[in-house]
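Please take these sequences and the hints and turn them into a complete structure.
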Amino acid sequence: MFPELIDTRPLRRAIDDGLNWVVRNWGDEFEAAAYPLLMLLKAIEDLLIATPWWLIMAILVGIAWLATRNWKLPVVVLVSLLFLGMMDLWKDAMTTMALMIAATITAIVISIPVGVWMSRSLTVRNVITPVLDLMQTLPSFVYLIPTVMIFGPGKIPALIATIVYAAPPLVRLTDLGLRSVDPAVMEASRAFGTNPRQRLLGVQIPLALPTILAGINQTTMMALAMVVIASMIGAGGLGYQVLQGIGRLEVSRGLFAGLGIVVLAIIFDRITQSFGKQLQGRIGLAEARS
Amino acid sequence: MNAIDIQADTRSDLAIAMRGVTKIFGEKPQEALALLQSGRSKAEVQAETNHVVGLDNVSLDIARGQIFVVMGLSGSGKSTLIRHVNRLIEPTAGEIVVNGTDVLKMSLDELRIYRRTQVAMVFQKFGLLPHRSVIDNVAYGLEVRGVGRQERLTEAAKWIETVGLAGYEQSQPRQLSGGQQQRVGLARALALDTDIILMDEAFSALDPLIRSGMQDQLIDLQKSLGKTILFITHDFDEALKIGDRIAVLKDGAVQQEGKPEDIVLRPANEHIEEFVREVNKARAIHVRSIMEKGEHELCEQAVSKDARCEDVLPLFAEHQWVGVVDESGHQIGRVTAKQVIKALARYTPGVG
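Those sequence lines, one after another, are chains A and B. If you count the first sequence from 1, position 279 lands on 279 in our numbering, and the numbers rise without skipping. If you count the second sequence from 1, position 218 lands on 218 in our numbering, and the numbers rise without skipping.
There could be a bad hint or two in this list.
Which stretches of chain B does chain A cover? Using the computed rule of at least three CB atoms under 8 Å from a CB of chain A, they are [as the list claims (entries may be wrong)]: (1) 28–40; (2) 108–115.
Some chain B residues close to chain A (C-beta under 8 Å, calculated; not the full set) [said to hold, decoys possible]: (3) Leu88; (4) Thr92; (5) Phe123; (6) Gly141; (7) Cys299.
If you're looking for bench data, these hints aren't it; they were derived computationally from the structure. None of these values were measured; they are calculated from a predicted model. By construction, the Cβ of each residue, glycine as well, lies at the ideal position given by its N, Cα and C atoms.
Right, dumping it as structure tokens:
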């Protein structure tokens with residue numbers, strides 16, 4: 001056994017007491033701070049559930065067609081959505097989709113500025129990269145419990161846990177995309193007297209957009225990967241069906257709901273990827289990267 | 001006080017004046033600079049301090065309205081030199097005065113305005129924005145300057161036509177050939193209507209025939225627009241063809257600066273002599289620079305004063321003397337085959 005060099009008990013007690021103190025004294029403030037997130041999630045969920053099923057199908061199939069200009073993906077999307085409807089998973093699927101969309105939107109709002117900041121400073125990158133590693137590798141239950149303690153069980157901790165898990169790839173890919181813009185183009189832009197804002201908005205972000213979109217694709221996928229865990233703390237949706245299936249040993253319920261998650265993943269993965277490809281083609285990077 | 005005024009005056013008729021510009025790449029350039037100024041060579045400085053000398057005490061005077069070519073092999077510092085003019089690279093020491101203003105004293109904001117309004121640049125790798133159409137690329141500089149959309153598109157369309165790309169306005173850069181892309185790059189620089197255009201190996205990436213066409217077009221444009229063009233190249237033939245004056249750069253230092261003929265007829269050292277040996281001298285040397293000046297009896301055959309040696313060679317089959325006339329047809333001198341042969345013969349120090 002490794003010799004006991006220090007006594008870790010006081011440290012652990014300090015952390016536990018600290019968390020309890022935060023929960024007791026700041027719990028309400030934290031909840032109030034996260035209220036806009038809850039509103040966002042609720043608004044999206046209400047909208048998706050209130051929209052008739054055929055309209056949602058029409059919109060998603062339409063988006064799929066816009067992304068590919070081809071009949072294949074729209075058919076895949078249509079069949080996937082029919083599967084969700086016929087398996088009686090529609091409402092749960094909408095709840096899960098709402099969580100995923102809310103998490104993705106929040107992740108975009110946070111990650112892109114952080115990615116921009118990282119791409120400009122080596123120091124910032126050196127500080128943030130290990131934080132991202134931590135966010136992706138730390139078992140979600142480790143931060144799920146304190147979040148539940150602070151915010152109480154329900155949709156907010158579920159959303160926050162999903163964001164923590166899903167945001168890092170977008171930060172990384174934004175940083176990568178911005179840094180890998182052709183230096184010759186950046187220099188030309190500088191030679192014409194652009195200021196940093198003009199270079200960022202006019203050159204860097206448009207040219208990094210395919211990479212950023214790949215990051216958004218990753219974020220949606222990782223958000224879907226979190227739905228079962230998120231449903232443990234009250235997110236509901238397809239994850240909750242899986243959980244119930246496991247709890248009641250109803251294999252079929254777990255299987256169908258699980259397939260429902262896969263179907264959602266396929267829809268959003270293919271759509272975001274196709275948009276990425278379309279964008280690459282427009283910028284002329286398709287040949288260079290294939 | 002007076003001396004300074006005079007100095008400032010003589011510089012104001014220069015487009016670009018560089019004085020003792022030195023650039024050292026590395027962590028502690030000042031230490032390496034001290035070594036360099038104490039008389040060590042570029043190689044010694046690099047061995048001792050691990051700093052690379054990009055430019056070594058470069059002084060150039062570039063008068064308005066000429067094509068000034070800086071010629072050098074790769075690693076000679078020519079691309080570093082041109083980037084000092086618009087301060088894409090900051091010098092370690094020296095002074096750079098453009099249109100009478102000290103570029104190095106500008107604040108960041110002043111520098112941006114200076115880049116937007118006084119110097120435009122054309123790049124070897126084109127540097128076009130791949131996500132914008134040709135016309136939006138050409139209008140880019142004006143957009144950065146804050147010109148309204150309608151006005152800048154009209155202006156851009158005009159320059160696209162000038163460089164011979166009419167009809168390609170809405171194309172994407174990647175759909176164009178290398179030569180066409182560089183025409184876009186040239187139009188983008190011309191659209192800014194700056195007095196000075198910097199061209200960094202602008203034609204080096206192009207096929208020989210297209211390159212030759214672009215050179216002719218550049219000479220024509222310069223004649224009609226009267227811009228000051230600082231042109232960088234590694235190609236001596238190109239330098240001789242388009243340059244009003246040429247500076248030869250090696251190891252970051254200017255080896256020789258002068259008119260093309262000066263360099264061809266009187267190479268300053270062995271390094272330049274090596275270049276001269278490879279060029280087609282008959283094409284490089286103007287007859288006016290070797291002719292016998294003054295009033296002579298009228299010759300039966302005459303050539304213009306812009307003629308090169310290769311133009312008069314066929315005439316010697318029939319004639320002993322060939323006259324040289326100015327624009328108005330007035331004979332200003334004459335040449336004989338002997339003079340031409342002497343000019344074309346290999347330069348040997350101590351002979352002739």
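**Asked** Among the hints numbered above, which are violated by the structure, and what are their numbers in rising order?
**Response** 1, 4 and 7
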